[in-house]
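Participant: Spelled out, the chains give:
Protein chains: 2
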Amino acid sequence: MTKSIDFWYEFASTYSYLSVMRIEGEAAKRGVSVNWKPFLLGPIFHSQGWDNSPFNIYPAKGRYMWRDMVRRCRRIGLPFKVPEVFPVHSVKAARVAWVGANEGWGAAYSQRVFTAQFAEGRNIADREVLKEILEELKLESDRIMALIEESPVKDGLRKQTEEATSLGIFGAPSFMVGDELFWGDDRLEEALEWG
Amino acid sequence: MTKSIDFWYEFASTYSYLSVMRIEGEAAKRGVSVNWKPFLLGPIFHSQGWDNSPFNIYPAKGRYMWRDMVRRCRRIGLPFKVPEVFPVHSVKAARVAWVGANEGWGAAYSQRVFTAQFAEGRNIADREVLKEILEELKLESDRIMALIEESPVKDGLRKQTEEATSLGIFGAPSFMVGDELFWGDDRLEEALEWG
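Going down the list, the protein sequences come from chains A and B. Numbering that gives the first Met the number 0 puts the first residue of the first sequence at 0, with every later residue one more than the last. Numbering that gives the first Met the number 0 puts the first residue of the second sequence at 0, with every later residue one more than the last.
None of these hints come from the bench; they were simulated from the model. Yeah, the Cβ is synthetic: ideal placement off N, Cα and C, and Gly gets one too. Hints may contain errors.
Claimed, not checked - Just a few of them, taken from the derived set where beta-carbon distance is under 8 Å, the chain A residues facing chain B: (1) Gln47; (2) Lys60; (3) Arg62.
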């Protein structure tokens with residue numbers, strides 16, 4: 000039986016970018032398979048009384064995070080550019096990723112979308128940007144962009160976000176191995192080596 | 000010229016325990032000297048609208064932190080016990096540490112106080128506990144416990160906390176190397192290797 004890890008990520012989350020780009024390589028080294036689980040932090044933050052990213056609500060924390068991201072990306076050799084809008088409205092990107100996770104292209108798509116946002120400064124709230132990415136990946140962009148306006152996909156992502164909440168997830172990226180929760184890109188290796 | 004690092008820590012902070020116990024060993028390996036800078040997070044949290052630890056205000060985050068502390072301590076071989084009161088009232092412990100930093104016994108004292116709180120479950124808000132620790136360390140406990148009720152020490156710690164705020168510090172542990180701020184025990188090694 001292959002060991003597997005559930006990878007919970009949010010498209011508007013800066014630190015999720017690090018794990019989105021690192022997880023498949025680190026998991027492969029350890030023979031672990033990855034279940035990509037996109038979700039929305041918005042409803043979780045909202046239930047904590049936040050109507051914005053904590054990095055915007057608490058300016059010292061925000062200034063630190065942007066500097067830390069520059070240093071982290073340099074350390075691991077990832078390009079990085081501060082996006083024009085933060086946090087981006089991520090629901091469409093996440094719905095497409097939910098479809099992708101079910102159809103087997105969630106990882107490649109998500110890596111491409113995070114790169115578009117955090118390396119290329121593109122606005123991933125824009126349907127056209129998502130459509131172009133699907134086309135680059137040779138996926139049926141019209142079918143997929145129509146699907147994300149339908150109830151099964153909307154409900155699927157909503158349920159996945161509820162599942163995150165019920166697991167005790169409060170930030171992104173998060174990792175679950177069995178019942179064990181790990182939070183933050185800094186815990187990726189520990190999570191992959193757990194148990 | 001020896002490279003040095005400013006180590007900002009708060010006695011009520013769980014993650015500060017990890018760095019308090021690790022920093023001298025990790026710094027020595029790299030030939031870095033450590034300036035121990037105790038401060039109070041209370042006023043900083045208060046200015047962000049928090050009247051308690053974020054780990055108490057946000058229960059999912061708190062539950063995660065306690066579990067993460069158990070795992071971290073196991074990984075690095077540190078004893079750990081959830082304290083009965085959290086966050087502890089840390090001002091007296093911090094004032095003593097401020098005296099200790101000026102007199103050259105800040106590190107040994109702080110390690111002993113963190114061990115008392117997080118490994119032995121003792122209440123470090125209690126003057127008697129601090130006094131016993133000073134005596135164990137063969138320090139003049141009466142003189143020191145009298146000093147912390149005087150203005151120079153009270154003002155000294157207050158100014159140190161204001162300095163932390165002006166540096167952009169918003170949590171503990173934090174590390175400064177020149178103008179570069181690092182937050183969290185997870186960044187200790189990166190901070191020590193900076194520049």
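Participant: Which hint numbers doesn't this structure obey?
Facilitator: none
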